[in-house]
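Number of protein chains: 2
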Amino acid sequence: MTETQWHEELRAKGYRVTPQRQLVLEAVKDLGHGTPEEICAKVRETARGVNISTIYRTLELLEELGMVTHTHLSHGAPTYHLAAEADHVHLVCRGCGEVGEVRPELAEGLIRGLDEELGFEADVHHLTVFGRCSSCR
Amino acid sequence: MTETQWHEELRAKGYRVTPQRQLVLEAVKDLGHGTPEEICAKVRETARGVNISTIYRTLELLEELGMVTHTHLSHGAPTYHLAAEADHVHLVCRGCGEVGEVRPELAEGLIRGLDEELGFEADVHHLTVFGRCSSCR
DNA sequence: GTTATTGCAAACCTTTTGCATTCTG
DNA sequence: CAGAATGCAAAAGGTTTGCAATAAC
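Residue numbers (our numbering), protein chains in the order written: chain A, 1 to 137; chain B, 1001 to 1137.
One or more of the hints may lead you astray.
Only part of the chain B face toward chain A is listed, based on derived beta-carbon distances under 10 Å [as the list claims (entries may be wrong)]:
1) V1102
2) A1107
3) E1108
4) L1110
5) E1121
6) H1125
Simulated restraints on C-beta separations [said to hold, decoys possible]:
7) A:R57 with B:G1100: 43 to 49 Å
8) A:R94 with B:R1048: 33 to 39 Å
9) B:E1063 with A:K13: 39 to 45 Å
10) B:T1046 with A:C96: 37 to 43 Å
11) B:Y1015 with A:E85: 44 to 50 Å
Since the hints were made in silico from the structure, they are not lab data. Virtual Cβ for every residue (Gly too), placed ideally from N, Cα, C.
Put together the whole structure using the sequences plus the hints.
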């Protein structure tokens, strides 16, 4: 999605293009993965005054527009990332806390099984697997 | 694990067997799935005075002992369940919020793939798949 | 009797909300 | 200019902590 495209999509739905919204999207893009707090910090590198509540409201909006998604990689805070780059499965090591990614094909069997057996349409983008990485087991 | 067994395990580690601890474990068992708040409510059906902080401390202890585990099924509160009965994959429907379970064999391909390709030892007990159930898609 | 555990209250952290002000279209 | 979006402050969850009183062993 180009910059112009999502500006138009915002306007088409009666939303407005603001510097804050552009900065939040930029921050998510740059960080790859980020909690609201981390995204806020990143945004503030460029624009000092931005409030954390704006970050929350913007993430909610971007998620509604389908531009970002989130998963729960750890105990507290959700982690946001670009929906376009979400085509992977998250791995979280309970030993070192390291977060990794793998190609989604590995989950194909699970996805197909859920669909065939239960008619459940699984969302790979939100799939997070907890366990222990090779160095920690 | 029998009742006597875990009482002995508690004592062996210098912990004490208290009515509150027994009630929390009972509540988790009865509820199947439960947030700390729900578990607290269940416990209070039997013993009125039990404090929420005791629930949190007890869940932490039971988790350390390997008797319960938790996952994040939704935004806010974590969900606890018996580790012994955790042999299933959680399903969460983003349409109706319904929480389901399926046999873990469906995830076998994924588990094996992660192991063979990355040496990552996945924990099926914490696997939660988000998506849409048959009635909501 | 010793000391782990509890209840209570207050602190803490993250997220949400109400409202006056500011800025986009 | 109309009204959407922001910043601010306060409220609202959910969770943790310090401490005196209580209860397990």
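Against the structure, the hints:
no. : hint                           : result
1   : V1102                          : 7 Å, holds
2   : A1107                          : 5 Å, holds
3   : E1108                          : 7 Å, holds
4   : L1110                          : 5 Å, holds
5   : E1121                          : 5 Å, holds
6   : H1125                          : 8 Å, holds
7   : A:R57 with B:G1100: 43 to 49 Å : 32 Å, violated
8   : A:R94 with B:R1048: 33 to 39 Å : 37 Å, holds
9   : B:E1063 with A:K13: 39 to 45 Å : 44 Å, holds
10  : B:T1046 with A:C96: 37 to 43 Å : 41 Å, holds
11  : B:Y1015 with A:E85: 44 to 50 Å : 46 Å, holds
In terms of the numbered hints stated before, the structure departs from hint 7 and from no other.
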